[in-house]
Amino acid sequence: MKLRANLVIGGALFATVVVAGALAPFLAHTDPVMDANLMNAEVAPGSEFWFGTDAQGRDIYSRVLYGARISLTVGIVSQLINTVIGVCLGLSAAYWGGWWDDFVNGLTNLMLAIPSLIFALAIMAILTPGLTSLLIALGLTNWSYTCRLSRASALSLKSQGYVQAAKVLGYGDIRIMLTQILPNILGPIIVIGTLGMGGAVLAEASLSFLGLGIRPPFPSWGSMLSDARDQITTAPWISIFPGLAIFMTVLGLNLLGDGLRDILDPQSRARTA
Amino acid sequence: MLQFVFRRLLQAIPILLAVAGLIFLLFSVIPGNFASTQISDGRAVMDAEAVERMNRQFGLDQPLATRFATYVGKLATLDLGTSFRTRQPVWHLIGERLWPTMQLAFASMMFAILIGVPLGFLAALRPGGIVDTVSMVTAVSGLSLPKFWLGLMLMYLFALQLGWLPSFGYGDGALRNLILPSIALGVAPLALLARTTRAAVLEIMNADFVRTARAKGMSERRVVQWHLARNALVIVLTTVGLQFGSVIGQAVVIEKLFAWPGLGSLLVDSVSLRDIPVVQGCILVIVLFFLVVNMLVDVLAAIIDPRIRYS
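These protein sequence lines are chains A and B, in that order. Residues in the first sequence are numbered consecutively from 1, following this note's numbering. Residues in the second sequence are numbered consecutively from 1001, following this note's numbering.
Next comes chain A alone, as it looks inside the complex (with noise of 0.2 Å):
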């Protein structure tokens, strides 16, 4: 029951994210940055405008639905970017070993010691801040736990009967890593990803919201709760929507992520409840 809950709930969650950031052209009824307007300057929300407007003017509904686009780019594509670089370091350490595995290891335990939004605040500081920039510094930074967990998982198979006869049949050692032990590792590789790609939303966010991340007047989420830090007295609701749709994204995502472990790596849901 709890494992349908979770998978429903959260894959309805994200879902409706996804719909939206997609449709938002359809959806949206005011253009997200060139549709300001002083004389709407701080509208409730009402009839016209479903979640009032901002110091703009500008209709912050039309603005939360473009954000999802920025957010869900953000999200999967930096998250894709550390699977990528988790699993190849990870797989190729646990085949390889030796020194490449005591790099790879040392690499690890390096990232792990330096906060990944620091990390990520520091690689800002080099790249103009924009979406670009964005996925570079989320996707460099997060890796370590997906590559743990790939050379965890393949150390264990490596010495399994098929992988050996895969090597007496002459199979190259890449050939081996992609079709005999990543397929076999992946349950657990595609949980930790959905959970990092809530990781990578709060963190856009974050980075958006210090000013380094998406800058005005483009609609991120985070950049807007920044914009909106000034009217929290006289509009608190220019803050409330855009901080609703984080949430419900990467609850969405949190939630999907639990109820795919749940199905995939049933071994640690003990471990993680």
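Just so you know, the hints here were simulated from the structure itself, not pulled from any lab data. Don't take every hint at face value.
Unchecked claim - Across the chosen pairs, the derived CB separations fall in these ranges:
(1) B:F1006 to A:I9: 47 to 53 Å
(2) B:W1091 to A:T234: 39 to 45 Å
(3) A:L244 to B:D1269: 35 to 41 Å
(4) A:N105 to B:D1208: 29 to 35 Å
(5) B:W1091 to A:T179: 50 to 56 Å
(6) A:L80 to B:Q1011: 31 to 37 Å
(7) B:F1168 to A:T16: 31 to 37 Å
(8) A:M34 to B:Q1011: 53 to 59 Å
We put the beta carbon where it would ideally sit given N, CA and C, even for glycine.
Using the hints, position chain B against chain A.
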């Protein structure tokens, strides 16, 4: 035990050195530097000669290897360099900001431990019950909340609407000023601790030694006190240590929101101004803080569970 502590200290040194090297290299590949940033951002008007003089003054005209050697040499004497912006020693700037950040980190972890651990424990004692359901829903929600948004909402409710607490500022470190930022920062570790404690207690509850204790006729209170709590504590402690890193990282956003004069806000300001020595120093001190906390946690775990000492 001393040997264990010494071994853990030795393990921290290469990590610190590697972090220093990585951060140095990262900032050495930046196209442009403090002087050019000042000009491009319109903060200063400088001619080419002034830029050159500034680069010479900060040693930025030296080859990379020379700069790295100088940097490591200074680090060995605990010199983190001089701020490009204020011309003050980095240690001095960090020293002023370290205590507020530590206060915030410890207060939020205390909040997380004091509520999260009992909540997880109670949830595990009656799996599937009301406490379990409520605490786990709270935990999943807590992990999904953006901290700065939660902070903003707390600020709106408790400071601006009810007027019970100050909306921002340090206020000489008064408890009143610490409450809202600590709650905003502590909710995610609270959620994780509740989940971890519940999972740890559930796992230990099914262990052979607990079953044996009950079979021997030991009272439920003693089973919980001597077997469940003690064994779960090691797992909870490890989570606390790891969460410190996350709390320090997230403190950056909360400090900025609540105008808290900590290391995080110094880091964000220095990042946008490309005051590299301060950025490097802040990151190094944050990593050092994280390593020290984790070492202390490991030592505590080794005191509680002798198996760790000999592994």
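Evaluated hints:
1. B:F1006 to A:I9: 47 to 53 Å: Holds, at about 50 Å.
2. B:W1091 to A:T234: 39 to 45 Å: holds, 42 Å
3. A:L244 to B:D1269: 35 to 41 Å: Violated, since L244 of chain A and D1269 of chain B (Cβ atoms, about 30 Å apart) do not stay within the stated range.
4. A:N105 to B:D1208: 29 to 35 Å: holds, 33 Å
5. B:W1091 to A:T179: 50 to 56 Å: Once the Cβ atoms are compared, 54 Å apart, the range 50 to 56 Å for T179 of chain A and W1091 of chain B holds.
6. A:L80 to B:Q1011: 31 to 37 Å: Holds - the Cβ-Cβ distance for L80 of chain A and Q1011 of chain B, about 33 Å, lies within 31 to 37 Å.
7. B:F1168 to A:T16: 31 to 37 Å: With a Cβ separation near 34 Å, F1168 of chain B and T16 of chain A satisfy 31 to 37 Å, so the hint holds.
8. A:M34 to B:Q1011: 53 to 59 Å: holds, 56 Å
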